[in-house]
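Protein chains in written order, with the numbering used here: chain A, 1 to 115; chain B, 116 to 335.
Hints are computed from structural coordinates only; laboratory data are not their basis. Even glycine gets a Cβ: it sits at the ideal position worked out from N, Cα and C. Check the hints yourself; a few may be wrong.
As the list claims (entries may be wrong) - Label pairs and their in silico Cβ distance ranges:
no. : chain 1 : residue 1 : chain 2 : residue 2 : range
1   : B       : THR282    : A       : TYR81     : 23 to 31 angstroms
2   : A       : GLN60     : B       : VAL238    : 18 to 26 angstroms
3   : A       : ARG97     : B       : THR334    : 25 to 33 angstroms
4   : A       : THR15     : B       : GLU307    : 15 to 23 angstroms
5   : A       : SER18     : B       : LEU146    : 41 to 49 angstroms
6   : A       : GLU89     : B       : LYS286    : 26 to 34 angstroms
7   : A       : GLU80     : B       : SER212    : 48 to 56 angstroms
8   : B       : LEU146    : A       : GLN13     : 49 to 57 angstroms
9   : A       : PRO113    : B       : GLU234    : 41 to 49 angstroms
10  : A       : SER4      : B       : LEU174    : 55 to 63 angstroms
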Amino acid sequence: MVRSGRVRLKDAQNTALSLESRFDLAYNAAHALSLAALRWHGYRSENRYQVFQCLTHTLQLPPTQWRVLDQAHRKRNLAEYEGDLDVDEALVEALLRVALTVADRVIALGPVPSA
Amino acid sequence: MGIKTAKRTTNTRMPASRSAVSAHTSIADALFTATQQRVLALLFGQPQRSFFTQQLIELAGAGRGAVQRELERLQQSGLIVRITQGNQKHYQANPSSPVFAELCGIAAKLLSPADTLREALSVLANKVQLALLYGSAANHRDTSHSDFDVLLVSDELALEEVYEALTPAEKKLGRPINPTLYTHAEFHKRLEQRNPFLIKLLTGETISLIGNKDDFIATG
Numbered sequence: 001m002v003r004s005g006r007v008r009l010k011d012a013q014n015t016a017l018s019l020e021s022r023f024d025l026a027y028n029a030a031h032a033l034s035l036a037a038l039r040w041h042g043y044r045s046e047n048r049y050q051v052f053q054c055l056t057h058t059l060q061l062p063p064t065q066w067r068v069l070d071q072a073h074r075k076r077n078l079a080e081y082e083g084d085l086d087v088d089e090a091l092v093e094a095l096l097r098v099a100l101t102v103a104d105r106v107i108a109l110g111p112v113p114s115a
Numbered sequence: 116m117g118i119k120t121a122k123r124t125t126n127t128r129m130p131a132s133r134s135a136v137s138a139h140t141s142i143a144d145a146l147f148t149a150t151q152q153r154v155l156a157l158l159f160g161q162p163q164r165s166f167f168t169q170q171l172i173e174l175a176g177a178g179r180g181a182v183q184r185e186l187e188r189l190q191q192s193g194l195i196v197r198i199t200q201g202n203q204k205h206y207q208a209n210p211s212s213p214v215f216a217e218l219c220g221i222a223a224k225l226l227s228p229a230d231t232l233r234e235a236l237s238v239l240a241n242k243v244q245l246a247l248l249y250g251s252a253a254n255h256r257d258t259s260h261s262d263f264d265v266l267l268v269s270d271e272l273a274l275e276e277v278y279e280a281l282t283p284a285e286k287k288l289g290r291p292i293n294p295t296l297y298t299h300a301e302f303h304k305r306l307e308q309r310n311p312f313l314i315k316l317l318t319g320e321t322i323s324l325i326g327n328k329d330d331f332i333a334t335g
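Just chain A, with the same shape it has in the complex (with noise of 0.2 angstroms):
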């Protein structure tokens, strides 16, 4: 999960691709690598809402890039359930900056523990 997000993290950062499609892939490397951080804990998921809202407390992230993640969220859902993707610059490095951060800081939980 950990190495799918940062494979996608990389190519998130291809400026040669178009805006929207950095978008998904900031967005999805995000997604894999904040189900990494609640998996390392021992709880799973399925609702996406909810793996990013738990950031705050599986890698104590700052309120201001869970922000970001809610707004990308919800520009997500737009684009995947009514057809209508408006992204802009600031919110994809806003995305990946926040991508970043939480693959670092997943990175840096080490191994999941053995029970």
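Based on the hints, put chain B in the right spot on chain A.
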């Protein structure tokens, strides 16, 4: 740019222009008349300031008689105090009234949320060239479930900084603020491409928080 922008004059939108059975009566309209809203917004929005009668009439943009009636009632109930200086009468919110804090809260949340937002954004003022409140809060159709939608244009700011600056205002307003941050290039590109979101926003009601919409569009 040929964009028709609905110019917003001072709070002249009257609840009467809406259908009586509108499903979206704003909280402020449910509680107060239009004149009450304007007078309370001034006195309790800036509780440390005193206003003289003529000032209140001008700032409220309401009729002299209506404003004077409100002031009389507010003063008689002890919600505001009247200070006479020479032949001028000054009015100020009365901090010792039992509902002083509540009325200040109502003013900040319902009656002048734009001022609350302006105050929060003032720390970013030199980095932001345009900030507009749009959506339901700008056309006074916001309910307790509505977010405050804010568009900002800046080449220097990160989205996280915007959220950081807006956090105190969110606490005061008790409702989420939803910022959209564009660079100058993005703003003008969307304008040129007639991006539906931006066009709808600019042709709808907006309240300026920083800068002026028309000047910003004109100067490019």
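Checklist entry - Between GLU80(A) and SER212(B), does the C-beta distance stay in 48 to 56 angstroms? => result holds, 51 angstroms
Checklist entry - Honestly, do LEU146(B) and GLN13(A) meet the 49 to 57 angstroms range at C-beta? => result holds, 50 angstroms
Checklist entry - Does 26 to 34 angstroms hold as the CB distance between GLU89(A) and LYS286(B), or does it fail? => result Roughly 28 angstroms apart at Cβ, these two residues keep to the hinted range, so it holds.
Checklist entry - Quick one: are SER18(A) and LEU146(B) within 41 to 49 angstroms, going by C-beta? => result Check passed, 48 angstroms falls within 41 to 49 angstroms.
Item to check | Outcome for the supplied range 25 to 33 angstroms, where the beta carbon pair is ARG97(A) and THR334(B) | outcome: At 31 angstroms between Cβs, range holds.
Next on the checklist: I want to verify a distance hint. Is the separation of the beta carbons of SER4(A) and LEU174(B) within 55 to 63 angstroms?
Outcome noted: The hinted range 55 to 63 angstroms holds for SER4(A) and LEU174(B), with Cβ atoms some 58 angstroms apart.
Next on the checklist: The hint says 41 to 49 angstroms between PRO113(A) and GLU234(B); measuring C-beta to C-beta, is that right?
Outcome noted: holds, 47 angstroms
Item to check | Range hint 18 to 26 angstroms (beta carbons of GLN60(A) and VAL238(B)) holds or violated | outcome: holds, 25 angstroms
Item to check | 23 to 31 angstroms as the expected CB spacing between TYR81(A) and THR282(B), which holds or is violated | outcome: For TYR81(A) against THR282(B), whose Cβ atoms are near 29 angstroms apart, the range 23 to 31 angstroms holds.
Checklist entry - Is the hinted range of 15 to 23 angstroms satisfied by the C-beta distance from THR15(A) to GLU307(B)? => result holds, 21 angstroms
Comparing the model with each numbered hint stated earlier shows that all of them hold.
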